[in-house]
Amino acid sequence: MSARYIILLALTGVALTALPWLVDGLLGITWVRILSFAALYVLLALGLNITVGYAGLLDLGYIAFFAVGAYTYALLSSPQFGLHWPLWATLPLAAAAAGLFGLLLGTPLLRLRGDYLAIVTLGFGEITRIFINNLNAPVNITNGPQGVNQIDALRIGGIDFSQALHWGEVTIPAAYMPCLLFLALAGAVAWASTRLEVSRVGRAWQALREDPLAAAACGIDLRRYKLLAFALGASAGGLAGALFAGFQGFISPESFSLTESIMILCMIVLGGMGHVPGVIAGALILAILPEALRALGPLQQALLGHVWVDPADLRMLVFGLALVAMTLLRPAGLWPRGHAGRGD
Amino acid sequence: MRPLLSATGIGKRFGGLQALDDVALEVSAGHIHGLIGPNGAGKTTLFNVLTGLYTADHGTVQLDGQVICGMAPHRVVAAGLSRTFQNIRLFAGMSVLDNVLAGAHLRGTSGVLGALFPSAVLRREQSRLRDQAVTLLGYVGAGRHVSRPAGELSYGDQRRVEIARALAAEPKLLALDEPAAGMNPAETDTLRELLERIRKDGTSLLLIEHDVKLVMGLCDRVTVLDFGRRIAEGPPEAVRHDPRVIEAYLGAPTETTAATGTGGSSATRDAADTTP
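These protein sequence lines map, in sequence, to chains A and B. As numbered in this note's numbering, residues 1 to 344 make up the first sequence, in order. As numbered in this note's numbering, residues 1 to 276 make up the second sequence, in order.
Hint data in this document are derived by calculation from the structure and do not stem from the laboratory. Errors might be hidden in some of the hints.
[As the list claims (entries may be wrong)] Residues from chain A that face chain B, not an exhaustive set, calculated with beta carbons under 7 angstroms:
no. : residue
1   : R195
2   : R200
3   : D211
4   : A217
Computed from a predicted structure; not experimentally measured. Built from N, CA and C at the ideal position, the CB exists for glycine as well.
Please work from the sequences and hints to get the whole structure.
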């Protein structure tokens with residue numbers, strides 16, 4: 001590990017830490033909350049990028065893993081079962097449960113490729129949501145469509161991520177706390193992704209994506225690496241789910257719809273599949289764009305004296321146009337992986 | 001001496017087509033063994049059976065005493081049999097070096113944890129494998145392309161890189177499916193030198209090839225398939241004059257052709273062409 005690499009890591013850490021202050025100062029406190037959600041989306045997009053971007057396994061039901069993580073956390077830290085497990089146990093458990101779920105879903109899918117894989121995963125995603133929706137009878141586990149309420153805030157040791165932190169002279173405002181946690185974890189997953197990408201494992205995934213038959217002829221165990229991609233991608237989704245549940249304090253099945261799966265897939269397609277900086281950029285743009293476009297309502301009012309198009313509709317319109325323009329102009333994504341001189 | 005590869009009684013049927021029927025193949029260690037036959041004779045099917053892509057209906061395959069039939073393709077590689085493909089199958093979007101490193105997959109040990117927190121041992125292993133891959137690319141004559149995407153290379157260079165990728169697994173037997181296809185005579189000559197060097201450096205070769213001149217000049221022994229059966233086996237000289245082989249390639253001399261002499265003269269012409 002070179003000195004340059006360590007300095008780069010340290011600088012990234014400092015920049016991420018400073019981000020909430022910067023965003024608050026420039027845009028206001030509501031944007032810190034938007035940034036927190038954006039960081040969760042980055043986590044999700046990075047997870048899906050392992051499955052779709054690296055290993056080339058098109059998964060249209062990825063949100064199911066987010067749901068499994070969210071419900072694992074929710075059921076272990078809410079009055080639903082009267083359990084209030086500590087974060088250091090629930091967070092890894094949520095990731096592990098989602099990873100296990102990824103293995104379970106991945107196993108029957110091993111023989112499927114491309115379109116067929118996409119359709120079956122889409123089905124699995126919907127089945128998971130419907131299953132959670134109906135798992136309130138005969139034994140009430142998920143509380144069905146009402147969702148799980150009063151979920152414990154993210155808390156570890158003496159630190160509560162929903163409260164302001166006083167640390168000597170320094171006070172970190174309450175809104176910054178989850179944001180900092182999410183940014184840290186998204187940063188960690190981004191780091192892990194880049195490490196994996198250039199490793200023996202990442203190379204095996206890419207080989208599998210490019211040509212499964214030739215990959216097998218290289219001695220790569222297709223089963224093993226497909227399942228690994230499913231499981232690792234899923235556990236990142238599960239981690240994001242747990243954070244989401246702790247952040248919101250409430251979850252219900254309707255948060256885990258097909259639209260969300262498609263949105264996350266759009267993020268990595270928009271950014272550049274298989275390229276971590278591109279995926280992060282794609283996730284940030286698509287998570288923030290709808291919020292930024294909200295401003296179009298007041299803008300119409302001011303300029304035209306009347307809101308002609310509802311901002312919510314306009315958001316989807318601009319969103320659609322952006323995607324069409326992207327596909328035409330930059331089919332490989334906004335920031336795709338360069339080809340030059342890799343192999344370390 | 002026990003042969004390096006020994007396949008006996010191989011049968012493979014696709015629906016109504018008996019692609020392979022009781023085929024036997026023996027490759028001795030240190031040999032370059034040719035596998036020839038007209039189009040549709042079952043050569044590639046046999047390759048796919050040997051390398052685990054197809055499961056044979058009958059028969060067994062042993063490599064160096066180990067039964068490899070019924071194994072998944074990646075296990076066959078682990079057992080010591082690597083291959084290339086008739087229509088080159090490089091990982092086009094990956095760099096040439098990454099292609100060869102993918103070929104060396106089984107010689108690495110790093111997993112997910114090793115990728116995140118590599119120990120000193122793993123880092124040494126990584127740099128050793130990379131050095132070897134670069135050396136290997138030089139060995140096959142593609143040394144100047146190390147960091148280019150494999151898909152950008154010329155046809156002949158792609159063939160060479162594919163051989164390097166197969167060699168990266170350090171196989172006991174290297175199986176090449178028509179390595180000279182699409183090459184010009186100069187490239188074929190370089191290829192012949194490369195294959196001879198590979199044999200000299202201790203890897204045996206099994207070669208499907210249509211370039212009869214190349215096969216005859218290079219191979220120690222030749223097996224001929226026709227309609228899924230083995231019709232001849234032996235040293236190139238003997239095989240070339242085997243009437244069944246001539247018949248398979250040129251068709252049986254019928255009454256008319258024999259009478260007019262066309263069949264005979266074309267056979268003579270072809271024999272003259274194939275003289276190394």
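Structure-based check of each hint:
| no. | hint | result |
| --- | --- | --- |
| 1 | R195 | holds, 5 angstroms |
| 2 | R200 | holds, 4 angstroms |
| 3 | D211 | holds, 5 angstroms |
| 4 | A217 | holds, 6 angstroms |
When the structure is compared with the earlier hints, no violation turns up for any of them.
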